[in-house]
Amino acid sequence: MEAPRSYQTQAIIVRQTKLGEVDKIVTIYTPEFGKLKAVAKGACRPGSKLGGNVEPLTYSLLMLARGRTLDIITQSQTIDGFLVLKNDLWHTSCGLYILELIDSFTVENNGNRPLFDLLLDTLQRLCQADNSETVLRYFELHLLDYLGYRPQLHRCVSCNAPIKPVVNFFSSSQGGILCSHCSQQEPDSRPLSVDALKILRLWQSCDYATAKRVKVKSELRSELEQMMPGYIKYLLQREVRSMAWLQKLKRESIVDNNCGRN
Amino acid sequence: MIITAEPVTKLVEAFNKLPGIGPKSAQRLTYYLLGRPEEEAKVLAEAILALKEKIRLCSVCFNITDCDPCRICQDKERDQSKICVVERPSDVLPLERTGKYNGVYHVLHGSISPAQGIGPEELKAKELLSRLQDGSVTEVILAANPNLEGETTAMYLRRMILPLGIRITRLARGLPFGADLEYADDMTLSQALEDRQEF
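Line by line, the protein sequences are chains C and L.
Converting from the first sequence to the working numbering requires adding 1 to each position, the first position being numbered 1.
Converting from the second sequence to the working numbering requires adding 258 to each position, the first position being numbered 1.
This is chain C alone, in the form it adopts within the complex (with noise of 0.2 Å):
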């Protein structure tokens, strides 16, 4: 049976790229079909019935008519604009990391839900007063276990003998925690304490109502936001951009130490 021409998915609005004079091509995440690209016509234009409802950090309602390379946008509809987390540098800045990883991980046409509703909460998150780097790292520990990264925490990756309550090691190219003793075979392993051991583990099994119970130190958070995003960036084989962004905000002191609006 011919598919149907035209079908209705809601979408979180990734990317947009300029296509001619007036025209955009969104790439969007849906929970059927994974990341699509598809042309939003018109979308430059200031009275576009598109416009603001295809711009990145958007939930909305497409329907989407099926083309000969990529379909098009035909209406469209804002469920949720995330409009707190516009407002502020910081938070926006959250959500565009956010989006990158799910733009850089994701292959086209390859249905997630499980990792659309992770997408869609963690955005709905930051939208609330909540610390945004405990959101961010939930979303990495939990966007690399659907992905299929998961981190190996409980035995070391290198000979399966369970982690002992020391300094260990963290190994992003064998994807796991080494003991002391096999890390030195490992250069570029990087120490990992127990407690930051304690909470990814914790927040790697747990709901997030638990997680953001958890009270990070200051130091805890700071070994975490080294760690996490150095096994990111060597399962990519690149840097993320909006990290370093994030970094650099930081390091300006745009933003509080707490991370919080500002």
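Read the hints as simulated data drawn from the structure, not as lab findings.
All of these numbers come straight from a predicted model, not from anything done at the bench.
All C-beta atoms in this analysis are idealised placements derived from N, C-alpha and C, irrespective of residue type, glycine included.
Any given hint might turn out to be false.
Just a sample of chain C residues kept apart from chain L, beta carbon distances all over 12 Å, derived [said to hold, decoys possible]:
hint	residue
1	Arg126
2	Cys183
3	Glu220
The list that follows gives simulated cross-link-like pairs (lysine-lysine, DSSO-like), each with its CA atoms no further than 27 Å apart [as the list claims (entries may be wrong)]:
hint	chain 1	residue 1	chain 2	residue 2
4	C	Lys251	C	Lys218
5	C	Lys42	L	Lys282
6	L	Lys382	C	Lys251
7	C	Lys234	C	Lys249
8	C	Lys42	L	Lys275
9	C	Lys38	L	Lys275
10	C	Lys249	L	Lys384
11	L	Lys300	L	Lys282
12	L	Lys310	C	Lys19
13	C	Lys38	C	Lys234
14	L	Lys282	C	Lys251
15	C	Lys19	L	Lys282
16	L	Lys382	C	Lys249
17	C	Lys19	L	Lys275
18	L	Lys382	C	Lys19
For chain C, the structure is supplied; the task is to place chain L on it using the hints.
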């Protein structure tokens, strides 16, 4: 076997490199010019050369100009205490067309886009801050585009300018003329409601 004369092929190839010009359009333009008087071709060629030879960036506002400082920055009639910050040189024209603005400009040459690795260092943001240091400027109008990148740029600049105690304004956001309420997005509608005015 060479079918077409070399100068024709060369010009077709040159036109083909322009945005939106395919091989057929390039051929049509070439044959059109072939049929025009020599003088017309000369004017076109000289205009293209002059574009690259004479056009540079104004050392004050970084708009494109053929004289430095540009005509707007030189104009004594204009209010030098107001600076309108735009993303691109092409954004100056529509603002000038309104005839409502008598201040000067500052062209950033882009907007902050973290995912593309474009930060304030790649823009003329540092130059804007140094223009504001002497205390003669009383208002900065942030006229970055009302999209996510423009908003990020505006929010970043606001944070940088705030300590200087200068009035910072942002172009009003709301419904464009000819729009339809039914199709307006949440962000635009909420802004339009928040910034509503006495009528």
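Results of checking the hints against the structure:
1. Arg126: It holds; Arg126 of chain C is separated from chain L by about 19 Å at its closest Cβ, greater than 12 Å.
2. Cys183: Answer for Cys183 of chain C: holds, closest chain L Cβ roughly 36 Å.
3. Glu220: Non-interface label on Glu220 of chain C holds, nearest chain L Cβ at 26 Å vs cutoff 12 Å.
4. C:Lys251 to C:Lys218: holds, 17 Å
5. C:Lys42 to L:Lys282: holds, 24 Å
6. L:Lys382 to C:Lys251: Holds, at about 21 Å.
7. C:Lys234 to C:Lys249: Within the cut-off at roughly 17 Å; holds.
8. C:Lys42 to L:Lys275: Holds, at roughly 24 Å.
9. C:Lys38 to L:Lys275: holds, 26 Å
10. C:Lys249 to L:Lys384: holds, 15 Å
11. L:Lys300 to L:Lys282: At roughly 23 Å apart (the allowed maximum being 27 Å), Lys282 of chain L and Lys300 of chain L satisfy the hint.
12. L:Lys310 to C:Lys19: Roughly 26 Å separates the two Cα atoms, so the pair holds.
13. C:Lys38 to C:Lys234: holds, 24 Å
14. L:Lys282 to C:Lys251: violated, 52 Å
15. C:Lys19 to L:Lys282: holds, 23 Å
16. L:Lys382 to C:Lys249: Roughly 17 Å separates the two Cα atoms, so the pair holds.
17. C:Lys19 to L:Lys275: holds, 18 Å
18. L:Lys382 to C:Lys19: Answer holds: Lys382 of chain L to Lys19 of chain C is near 23 Å, not above 27 Å.
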